[in-house]
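As a plain string of letters, each chain reads:
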Amino acid sequence: MTPIPRGVARRRRAALSVAALILSAALAACAGSGPPYTLKNITGLVQPLDFHLTNQDNQVVTAGDYRHDLVLLYFGYTECPDECPTTLTTLANALRTLGPEASQVRVLFVSVDPQRDTTAVLKHYVNHFGPEFVGLRPDEAELTDLSKRYRIAYHYEKPDPYGNYEVDHSNAVFIFDRDGRARLLALSDNTALQVASDLRRLLTSG
Amino acid sequence: MPLLVTVLRYLLPWQFSPTIFITFAITIALYVRGMMALGRGNDRVRFWRAFTFFLGVALSYAMLQTYVDYLSAHMFWIHRFQHLILHHIAPVLIVLAESGRVLRAGVPARVRQMRVPARIRSPIQLFFRSIQHPLMAPTLFVGLIFFWLTPSIHFTAMIDTRRYDLMNWSMLADGLLFWWLMLAPRQVQGSASVGYGTRLVILALVAIPQLLLGAYITLHDTSLYDIYAICGRAWAVDPLYDQQIGGLLTWIPAAMMSLVGILVVLHHILHDPEATTPRRRLARSVQPASSG
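Residue numbers (this note's numbering), protein chains in the order written: chain A, 1 to 206; chain B, 1 to 292.
Certain hints may be false.
[To be verified] SDA-like cross-link-like pairs, simulated, lysine to any residue; straight-line CA separation at most 20 Å: (1) 148(A) x 226(B); (2) 40(A) x 224(B); (3) 123(A) x 92(A); (4) 158(A) x 168(A).
It should be emphasised that the hints constitute simulated quantities derived from the structure, not laboratory data. Only a predicted model underlies this, so the values are computations on that prediction, with no experimental measurement involved.
Whole structure, please, built from the sequences with the hints as guidance.
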């Protein structure tokens, strides 16, 4: 057998290592993906979690306080007749399905109606849904900033003779992983089981 | 005072973009310089040309950097209106204003005399020649409309700020390129010129897919674009009603702009002595035939 010239050997080794690199990159990509999530995937599309708001106990909290938790961010208001209670109930049921793992999840309920939703009102409201629920009250400027950041809209309807009014708002739940990156969007037609199984996947994938 | 606050709320950018601000500021500065450089003689910029230019620029700026920007992210029909302005109406206004001539005159002499090395210039020229090819330009023009209106792509463009900006820039840039190719007189276009007959065919053809798409959206009986329900509409309105108005805006004014384009081209044919000169002879810069 004739010995392989050194130049050719070197080139072969280089080609092999490039092939190995490509293969391992492909494997890594596969390991990261797996079957698609049931909820809408928004990884890389929506800005990371960032806010500075007052919570139901009148303390100022920021996104940093919720690092290491999965965060579900939802915009609504306590006098919301149907949509908000339905969504929050779905989320509460999803957390109950998760069991003890629910302690690593926080649902942040941001009021789009800070005029009527005082911190006391918010506290009373979110307590209905469970210990993982946090009520957050923005001032007007903070609410505008959040609506720009997450590209959501809200609109106040004309008040009736008693001064009651409805607020049109987004109905999506933005889900952030433990590093604060936006990952999924839960919509009104998603069930508690679907939310729970995707949350569990996010919890195990780190 | 509250009035001023309200007015500012509608006029100030919803999301300020330094890129848009600088691009528009430079464009306006060059145009004004150009108007001054061309002076009051025979070369002067006519009032209506300047008016058309500033109207086109102001309209596109308003679409990108006022409250309209917020509304168009949260109401489908306003989004369609925004793109009608960015992709059709504003570019037509800007092209009809002879902007090329005035802007070139506005470029400082030192910059104009700069020699761009061939290895930089030729790839750029090749790029523009390929996207301004008589087959490529209309494909790109219609293709962009279909691309950004594909429901899954529309969703990501509306939720991701970067894609949203890319979408709006691509519409304005493509609008300028396409309408320049269709409406600028042949003498102005130089070697990239497209014959007037070809332009009539292109203008008629691009209307058809826009008509079909507009009709499809208008007549669709379920919601095609769920992003507006997910992120909230600017005000309460029946989603299908929103979709129908948006579909109509894609359908009728788009076709109307082809008609406007055809009228402009017919005007060129009637008033341009070189209109019927074969392209080969133009390129060789032979004296135009006197027969007209």
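Going down the list of hints, with the structure as the test:
1. 148(A) x 226(B): 19 Å, holds
2. 40(A) x 224(B): Holds. Residue 40(A) to residue 224(B) sits at ~16 Å (cutoff 20 Å).
3. 123(A) x 92(A): 16 Å, holds
4. 158(A) x 168(A): Holds - the C-alpha atoms of residue 168(A) and residue 158(A) are around 11 Å apart, at most 20 Å.
Against the hints set out earlier in the document, no violation occurs for any number.
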